[in-house]
Every structure is written in structure tokens, then in C-alpha cells.
Amino acid sequence: MNPSQKEIGYNTKVEGDVIVTKVDAVLNWFRKNSLWPMPMGLACCAIELMAAGSSRFDISRFGSEVMRFSPRQSDLMIVAGTVTYKMALALRRIYDQMAEPKWVIAMGACASTGGMYRSYSVLQGVDKIVPVNVYVAGCPPRPEALLDALMKLQKQVAKEPLIRTHKAPKPDALSGVHVK
Amino acid sequence: MSDASIEKTSKLANDLKTKFGDLLSEIHEFRGECTLVVNDNAKIAEICNYAKSELGFDCLTDLSGVDHLGEEPRFSVVYELYGLTSKAYLRLKVLVEEENCEVPSVTEIWKTADWHEREAYDMMGIRFTNHPDLRRILMWEGYPYFPLRKDFPLEGKETELPDIAFTEKAPMEGGPFVTSPGQPHTTLREPRARTIE
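Quick mapping for you: the protein sequence lines, in order, are chains R and H.
In terms of my numbering, the first sequence is numbered consecutively and its last residue is 180.
In terms of my numbering, the second sequence is numbered consecutively and its last residue is 197.
Derived by calculation from the structure, the hints in this document are not laboratory data.
Backbone N, C-alpha and C fix where the C-beta goes; we use that ideal spot for every residue, glycine too.
There could be a bad hint or two in this list.
[As the list claims (entries may be wrong)] In silico lysine-lysine, DSBU-like type, Cα no more than 30 Å apart, as pairs:
#, chain 1, residue 1, chain 2, residue 2
1, H, K150, H, K43
2, H, K43, R, K86
3, H, K111, H, K87
4, H, K87, R, K86
5, H, K150, R, K86
[Said to hold, decoys possible] Covered stretches of chain H, as calculated for chain R (at least 3 residues, CB under 8 Å):
#, region
6, 29–41
7, 129–141
Construct the entire structure; sequences and hints are all you get.
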């Protein structure tokens, strides 16, 4: 190797407009700056999700203004609202239809833990059927809280390895819903 | 309620009572509201048809099932009728036993009864004969219990969710929406079960 090229760095005279980096970093940079949400807006949190998408709390700054309602075209599922057991069936099916890589934000108290609804009809936390990356507290969380969660997710995405293996969620040790 | 509408309501209730005689009980009136109890469940459709076509009660504002656990008969179905032109309200009640919970459906008379009856079936287990599509509306197909019966616990029972999971009871911690401030476990967050001493 040419001894003058031993230094690691960006030499403008030699490289010009070319940056040398790792594939990991580039792919993750692409992915985190264009997370297309699949808004699973089930209840009141959906209103705050819409507010986050509107002009005041612009979610499009983060590349997420395309709220794709089709799971095939999105990579981030934002579960916003109470998940009843009846809806849980549909939610799991939609999650399965999303293509890898995919992430989930559980927005609000009901999606995170079942919220104030401790009853026979409400799933006590969407993490019992899908693996969740970020939980947002609040009832409903302010749009800024959702954007903060999105930024935390971006930091998580930036650290992912190139070959991202996705393990099936383990049975919940605290009992509850066990995914088959 | 104004005097005129109270008069209207009792006039229409009396009309219904004279037409059907022994099929209906006496009119219970309370603060301007008239309630009639139907003695023969099978005739409810006929009575409702007359109420809609002749007396002008063209709006069924509510149809709900009630569980009187401990009383005989156990259930009742309440029909709240309203006349849009007469602006009169009327309430009809049907008493349903637990062993034979069948009531004729009034879906042909008022289309809105379709979903209300499905809900009464889903939550109480009251079946409606001649219903076009009697299946569960709030719980999933194949749910084995009737949740709003008085002997069903709020936190639910263990069941099998088809295809994806099975469910367990929700953690109650001494009652719904109860947190005692200052206890050691309130510094930890949910969900966890707390045994009651």
C-alpha cells in the first residue's frame, strides 16, 4: 500500500466527494432517516399521532410523513391506542405482513401495559404479541413525547448490525399472553 | 318532561295497553316515563310492530339486556322506544329465564336492533330467534363466556385466543384503578400483582 495513504481520514484532495465508511453505518443512516410508520391508530392516542403528523409537531422532519396504512409498504408500526383481544388478532396478522426490518413503538399507556383497562377484554400490553422497541408513557402522550420516542428509536436503529436477526418474543415470565 | 309530552306518552301507553290487554302488565309510571312489562315473550315482535306502525314509535333508541342475578327470571331485555313526530318515550320490558333465554328478534321492525341484539347476546347470552346474523360483536368468535353477567369477574377468565395466543386474567391489585399512595410497591411500576393481606 502506498505509505502516504496510511492515514485514516477524509483527504479532500485525494477523495473529493467520496466518503469511505462502513455499510452498517450507511444502511442504518438510510433506515433511521426514513422510517415510514404504519399507524395502528386504535383509540385516543391516534389523535395525538395525527397531531404529531400535522404541521406544528412535524413528524416529516424525521422522514416519517408517509403514514403508510399498508403493512407491506411501511417499516415502523406505531400502536396507538387500546388493544382489545379482538383487535389483537388483526394486529398480529398485520405485524406479520410487514417486511423486515421492522420496528414497533407502543404509544400510550394502553398499548404499553393495558393502561387503566384491567379487564377481560383488553390486552395487557401489546408487547405480549409483538416485540416492542420503544414504549411511550402518557394518556395520551404529547406529540413531542412521540417524537422523542422516534428519536430514541433512531438511536437504536443506528446501532443495529448489518445482518439483523429477529428472534421470536419469548413467553412473558410474568404470565399473561403467550405467543404461539 | 313537559306536561304535554307526559300526557302524550301516557295516552300512547294506554292505547297500547288497551290493544293488547293481558299481554301487557299495568303501566308503571315514574316521573313522566311509562314502562310496560310484556307477559308473553313470544308476542314482543307483534307488540313492537303495532307500536311502530300504529302508534308512531319509529325509533328504537335502545335495546339492552339486564342481569338480575338472584331473582327469577334472571334476565330482562329492555326496549326503549321513541316517536320522532310524537316526541314520546316508551319502555317495554321482557323477562327472560336463564334456562330458556330466547326472545324473538325485532330486527325486521327496527334495523338498529341488529347490533343491539348481537351485543345482548355477546354480553349476556340472550339468544334472539329470527335474527339475521346472531354472532358475537365485541368479543372474538369462539369466546366461551358471557362477560357482563353478574357472576363473571371483571378481570376475566383464562381463554384460548385462536391462532395467536391464550389469555389470562388481568392483574387486579386490589380492585380496578386502585393505588394506595405511600406503599412500598407504588414506587415500582406496573404490571405486578399485589396480594391483599
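Evaluation of the provided hints:
| no. | hint | verdict |
| --- | --- | --- |
| 1 | K150(H) - K43(H) | holds (28 Å) |
| 2 | K43(H) - K86(R) | violated (35 Å) |
| 3 | K111(H) - K87(H) | holds (20 Å) |
| 4 | K87(H) - K86(R) | violated (38 Å) |
| 5 | K150(H) - K86(R) | holds (22 Å) |
| 6 | 29–41 | violated (count 0) |
| 7 | 129–141 | holds (count 3) |
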